[in-house]
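Numbered by this note's numbering, the letters in the sequence shown go through residues 23 to 447 in order.
Honestly, the hints are just simulated from the structure, not real lab data. Please note: incorrect hints may appear among the correct ones.
[To be verified] Quick list of simulated restraints, FRET-style, between CB atoms:
#: 1; residue 1: R196; residue 2: G422; range: 35 to 43 angstroms
#: 2; residue 1: T197; residue 2: G105; range: 27 to 35 angstroms
#: 3; residue 1: G273; residue 2: M341; range: 34 to 42 angstroms
#: 4; residue 1: R196; residue 2: E364; range: 32 to 40 angstroms
#: 5; residue 1: P167; residue 2: F304; range: 26 to 34 angstroms
[Stated by the list, open to error] Think about it this way: if two alpha-carbon atoms lie no more than 25 angstroms apart in a straight line, the pair counts; the simulated DSS-like pairs of lysine-lysine are:
#: 6; residue 1: K375; residue 2: K339
#: 7; residue 1: K397; residue 2: K326
#: 8; residue 1: K400; residue 2: K389
#: 9; residue 1: K360; residue 2: K389
Since this is a predicted model, take the numbers as computed values, not measurements. Using N, Cα and C, we set each Cβ at its ideal position, and we do this for glycine too.
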Amino acid sequence: MLKKGRKTVLATGLVLCSLLSSCAREKDPGPVPETVSPEPAETPKIRRFSTEEARIETGMLAELIQAKDWETLQEHARVSLDGLEIQLQDMSLADVPVTLHAFHDEERMAGYADFGSRVRVVFHYDSEFFITAFMTEPVPLAPVPDRDAEWTEQLVMIGNEPQLYGLLTVPADRTNAPVAVLLPENLDAGIDSSGQDSRFRRELAHELAARGVAVLRWEMRRHADPAVLMNDPGMSLDRAVLNDLAAAVHGMEKLPVDPTDITLIGIGESAVLAAASVYNHFEITGGLVLMALPQETGVDYFAKQSGLPEEDLEELKQMLADDELPDLWNGWPASAWKQWDEQDQNRYMKYIKAPVLLLHGELSGGKEAWAYWQKELKNRSRTILQAYEELDDHLRDEDGILDEDALDDLAYWIRIGTLPERKKP
Numbered sequence: 023m024l025k026k027g028r029k030t031v032l033a034t035g036l037v038l039c040s041l042l043s044s045c046a047r048e049k050d051p052g053p054v055p056e057t058v059s060p061e062p063a064e065t066p067k068i069r070r071f072s073t074e075e076a077r078i079e080t081g082m083l084a085e086l087i088q089a090k091d092w093e094t095l096q097e098h099a100r101v102s103l104d105g106l107e108i109q110l111q112d113m114s115l116a117d118v119p120v121t122l123h124a125f126h127d128e129e130r131m132a133g134y135a136d137f138g139s140r141v142r143v144v145f146h147y148d149s150e151f152f153i154t155a156f157m158t159e160p161v162p163l164a165p166v167p168d169r170d171a172e173w174t175e176q177l178v179m180i181g182n183e184p185q186l187y188g189l190l191t192v193p194a195d196r197t198n199a200p201v202a203v204l205l206p207e208n209l210d211a212g213i214d215s216s217g218q219d220s221r222f223r224r225e226l227a228h229e230l231a232a233r234g235v236a237v238l239r240w241e242m243r244r245h246a247d248p249a250v251l252m253n254d255p256g257m258s259l260d261r262a263v264l265n266d267l268a269a270a271v272h273g274m275e276k277l278p279v280d281p282t283d284i285t286l287i288g289i290g291e292s293a294v295l296a297a298a299s300v301y302n303h304f305e306i307t308g309g310l311v312l313m314a315l316p317q318e319t320g321v322d323y324f325a326k327q328s329g330l331p332e333e334d335l336e337e338l339k340q341m342l343a344d345d346e347l348p349d350l351w352n353g354w355p356a357s358a359w360k361q362w363d364e365q366d367q368n369r370y371m372k373y374i375k376a377p378v379l380l381l382h383g384e385l386s387g388g389k390e391a392w393a394y395w396q397k398e399l400k401n402r403s404r405t406i407l408q409a410y411e412e413l414d415d416h417l418r419d420e421d422g423i424l425d426e427d428a429l430d431d432l433a434y435w436i437r438i439g440t441l442p443e444r445k446k447p
């Protein structure tokens with residue numbers, strides 16, 4: 023059941039869960055807890071990359087695991103594998119089918135083996151393909167597409183190997199519908215969640231599809247592959263989200279949607295990245311929807327979310343300006359700091375020509391950020407700012423129910439590019 027709430031509307035000329043947060047997995051972990059290796063004293067940097075070599079190496083290691091030959095396995099590692107042996111020694115893995123994957127990212131090479139549906143073992147390698155870190159976790163289960171009288175879903179795969187599970191929700195009575203790419207509030211969210219709202223992306227996708235808008239969402243890479251952050255000097259926004267977003271946008275022509283009418287919806291942390299993403303992908307012509315948009319931009323936002331003391335911020339900015347940032351600083355690799363330093367939604371908002379809809383739920387607070395964006399965007403053309411007095415930033419009322427008016431507004435704006443006539447100020 024949907025409820026209507028009061029709102030205030032301003033037309034003009036635009037609870038965070040940060041990249042650092044650790045949101046709970048939404049899959050059933052079964053009997054397999056996650057196990058992570060200790061960090062080696064030093065990890066030799068990889069100077070060449072070959073995912074095929076990594077795949078072959080991972081396959082050989084998987085055979086040793088199936089044979090329970092822990093002594094030989096240890097000979098291929100620079101860290102102790104005692105934890106791995108303890109985790110797997112009582113599992114019956116000898117006769118299960120093994121699926122192998124391998125990938126690299128900057129100075130990181132990794133491979134993992136799925137032993138049927140029982141356990142996934144992840145290995146990180148150095149330049150000589152010795153194990154520098156390992157991890158065990160449940161084998162991810164594919165989400166089950168749902169359907170209704172007004173919409174239907176299909177499973178899609180997102181990004182490069184290892185690919186991510188995604189769901190495309192499309193209107194049941196319309197082909198070639200405009201499509202919205204729905205990113206979550208936090209960059210380690212499951213396929214349905216956004217921030218602390220475990221159902222938001224699922225419910226919003228269904229409601230928008232019932233109103234004529236297709237929606238694509240997927241499990242964030244840091245949720246599907248926690249090893250992205252493990253012992254990784256090359257961690258970056260590219261690996262965490264931007265590469266997958268690019269693959270999703272560029273793959274729209276293969277899906278039953280209108281690839282010439284793509285809208286990007288960003289919330290919280292993903293909203294910070296959204297303007298630059300629209301700038302970098304001309305295919306996103308439908309516009310940009312921003313919810314819970316922070317006031318801080320770029321490295322200031324990431325520094326705040328990572329708990330960096332305010333007195334250290336100027337030092338960080340100076341090191342970035344002088345290109346003297348060490349490989350690892352304040353617990354995060356230089357690549358992450360540098361990419362966040364490039365994210366300035368205010369600057370990119372001036373570059374992009376796409377229409378913008380900025381939504382604000384007053385129940386979530388954020389008055390300072392809302393006032394800031396009212397001032398900054400007052401002269402920007404093709405921009406609507408809309409506040410809802412009795413809703414939060416996920417468009418829910420005090421009872422946790424998505425608001426019908428807000429859903430109508432959002433779907434109408436995506437389809438038509440403006441608000442319904444009765445709601446124009």
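Status of the hints after comparison with the structure:
Evaluation of the 35 to 43 angstroms hint for R196 and G422 yields a failure: the beta carbon distance comes to about 29 angstroms. A C-beta distance of roughly 52 angstroms is found between T197 and G105, which places it outside the suggested range of 27 to 35 angstroms. Between G273 and M341 the CB atoms are about 38 angstroms apart, so this pair conforms to the stated range of 34 to 42 angstroms. At about 38 angstroms, the beta-carbon gap between R196 and E364 stays in the expected band of 32 to 40 angstroms.
Separation of P167 from F304 is about 30 angstroms and conforms to the stated range, judged on CB atoms against 26 to 34 angstroms. Taking the CA atoms of K375 and K339, the gap is about 29 angstroms. The hint is violated against a cut of 25 angstroms. Between K397 and K326, the direct Cα distance comes to roughly 23 angstroms. Compliance with the 25 angstroms bound is thereby established for this hinted pair. Of the supplied pair hints, the one linking K400 and K389 holds, its CA atoms being roughly 16 angstroms apart against a limit of 25 angstroms.
About 29 angstroms separates the Cα atoms of K360 and K389, which puts this hinted pair outside 25 angstroms; it is violated.
Taken one by one, the earlier hints fail for this structure at numbers 1, 2, 6, 9, listed in ascending order.
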